[in-house]
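The listed protein sequences derive, respectively, from chains A and H. Quick note on numbering: the first sequence equals residues 399 to 782 in my numbering. Quick note on numbering: the second sequence equals residues 399 to 782 in my numbering.
Calculated from the structure, these hints are not laboratory results.
You can't tell identical chains apart in this list, so a pair holds if it fits in one copy or across any two.
Taking lysine-lysine and the DSBU-like style, the derived pairs with C-alpha atoms no more than 30 Å apart in a straight line are:
#1 Lys452 x Lys588
#2 Lys532 x Lys452
#3 Lys698 x Lys532
#4 Lys698 x Lys496
#5 Lys452 x Lys698
#6 Lys694 x Lys637
In this text the structure is predicted, and so the values were computed from the model without any measurement.
2 protein chains.
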Amino acid sequence: MNSLLKFEIEKQTFDAQGVARARVGRITLPGSLGREHEVETPIFMPVGTQGTVKAMSPGDLEGMNARIILGNTYHLYLRPGHARVERLGELHRFMNWKGPILTDSGGFQVFSLAGLNQIDDEGVTFQSHIDGSKHRFTPELSMEIQRGLGSDIVMAFDQCPPYPATPEQVRAAMSRTVRWAERGLAVPLKPHQMRFGIVQGGLYEDLRVESARDICAMPFDGFAIGGLSIGESPDLMQKMARFTAPLLPVSRPRYLMGVGRPEDLVEGVRAGVDMFDCVMPTRNARNGTLFTSRGKVNIKNARYADDPGPLDPECPCETCTQYSRAYLRHLHVAGEALSARLNTLHNLTYYLRLMEQMRAAIRENRFDDWVESFYTVSNAQRYQ
Amino acid sequence: MNSLLKFEIEKQTFDAQGVARARVGRITLPGSLGREHEVETPIFMPVGTQGTVKAMSPGDLEGMNARIILGNTYHLYLRPGHARVERLGELHRFMNWKGPILTDSGGFQVFSLAGLNQIDDEGVTFQSHIDGSKHRFTPELSMEIQRGLGSDIVMAFDQCPPYPATPEQVRAAMSRTVRWAERGLAVPLKPHQMRFGIVQGGLYEDLRVESARDICAMPFDGFAIGGLSIGESPDLMQKMARFTAPLLPVSRPRYLMGVGRPEDLVEGVRAGVDMFDCVMPTRNARNGTLFTSRGKVNIKNARYADDPGPLDPECPCETCTQYSRAYLRHLHVAGEALSARLNTLHNLTYYLRLMEQMRAAIRENRFDDWVESFYTVSNAQRYQ
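Let's have the full structure, built from the sequences with the hints guiding it.
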């Protein structure tokens, strides 16, 4: 297909069965201001739910080399409203973020966050989690909202079945997802906006094959693996991602939605995935759970009250080079705003550096060794 | 007296009665790391209650040219504890602030924040506002705590009578304040720590004269006007500051404690005060009340929902140059952490620039004109 999204694979690895797996690539997006965006993959995208990555400024994100962030259609539709964001210069200008933005379709939040929702073939009726007001999303409206927001990558409006779900339930959601994808594709976007389709299929391999076949036949610029990380075990999630990734075209970016923990990113990259997003680094930061090169640190713990050392001696971020664990614990215990900020700065730096390390290892033909070493020193749990 | 705190007056103005009033000066503090601190006055000191100026990083404070900040003895004693802070390198290193720090004595918070307190000639027994635990402050302990924190300016432990108070109540607090000042002076501090005495006297001119006479006869390095901004009208506060400032030695820094609104700073400088602190810019920022060159802005207001303009077109801070009023309103309404941060960054920048403008105006012999223009364009209310 002829896509304005360029995806060049710089380095590609293969598994023992000869299946194309971990790769380093470069996505080039046309950009809205006549300025192309380049994003090296594999990449992690910090989540900016309400037009801000919680506790971060755009300068913080640039400082940690965040290259692409995520915005939530459901939240921005409810507040401040996509029409308002568009009048104020679209999401980039509104939040003063100069890099590319991916927006989700709003579907996942409608199913998981909103009050009583009712789904039919036409769309979903739901109640706002803010004020209980009634709203209705359709594939068409999801496209209109994302068009107003002016994001660089627009996600198809899909139905993500809950976990667990029977094969019949998953198949019904899959069929609907295909029809909704077609309806979404019929809605024009702005010239700089690329579209990603979403493969569903739950934890059933045959349904994943079927969904991938249907979705990947459509003229999307990239493809996502949806319907994972919704309650199933990490082991199952990783297995299904590993099964599904090769079903998506090698020549297009692959995005594993809503994943995950550091070890899930490692396994995702190993499976052949290029893009990830998750609220885990930002949400955990606010709860005081910090990721380090030696494993997780719960900064609330009294053992850190007198610890003059850095959070992670291997991390170059402001939090680790300028403050002690004792100070970070104090800020958290005292409920200070600086706590969420310094913790988030670190956790996102950790996630972005993890991706950077994986890119370097793949480029230098030492990815398998890097993965071994990651499990040895990070205290991450290995499955499979 | 022979003080290690140098105070050089660069420019001095006089009122119609020939009384020395607004001046520009320079405080030189010995500093704890063999590095002197210089502070131009008049100056505003941002309040860092719990070892952090709420929502600001030390880098933010340096970026806005904050030169000296305040720490709260009461809060730091309770959490994380002054002995711990001392072990971790004193307050400067603990919070990573390289400039000078002034600590209050803890007295004011003990009277205003803590649970049931009982005062006697020896000290004050009170309950922690955090867990209700029982504690006792004495002038000696206040000095020990501030010594542990390692601040550059240590405030005497005084008794601030509530407002309103009878002359008898105020006189009793004054006498106690003098005795407590003497006891505090007997406690050795670290070589770099300077001491300020506090003049009380409520709203009674004769008592202010008496208190100033007693306190200013003691070997303090600077003098503060206490007992104001505790509930009396702004008019009364400003009048009493104007009455009291000339009672303090011309050759030493004068500090008006807990003051205030922008117009209170202007009137304080006009009265001959050199140093100010107040939670107003930081606390109001978190409530969405922002100070601008054209008056106060309540950013919550729906009128700003679609306003693409800067918060204050005359302000050079990140908040005003990078974001719209509409975005600032959205962040506040959505309860985002970035709201408190951007608002605080602006309000503190406004306060610090106000002081900078006053210093420039005094230096250039146009302070009276500057004051007129301030009241004309800022919508501030003028008394007296």
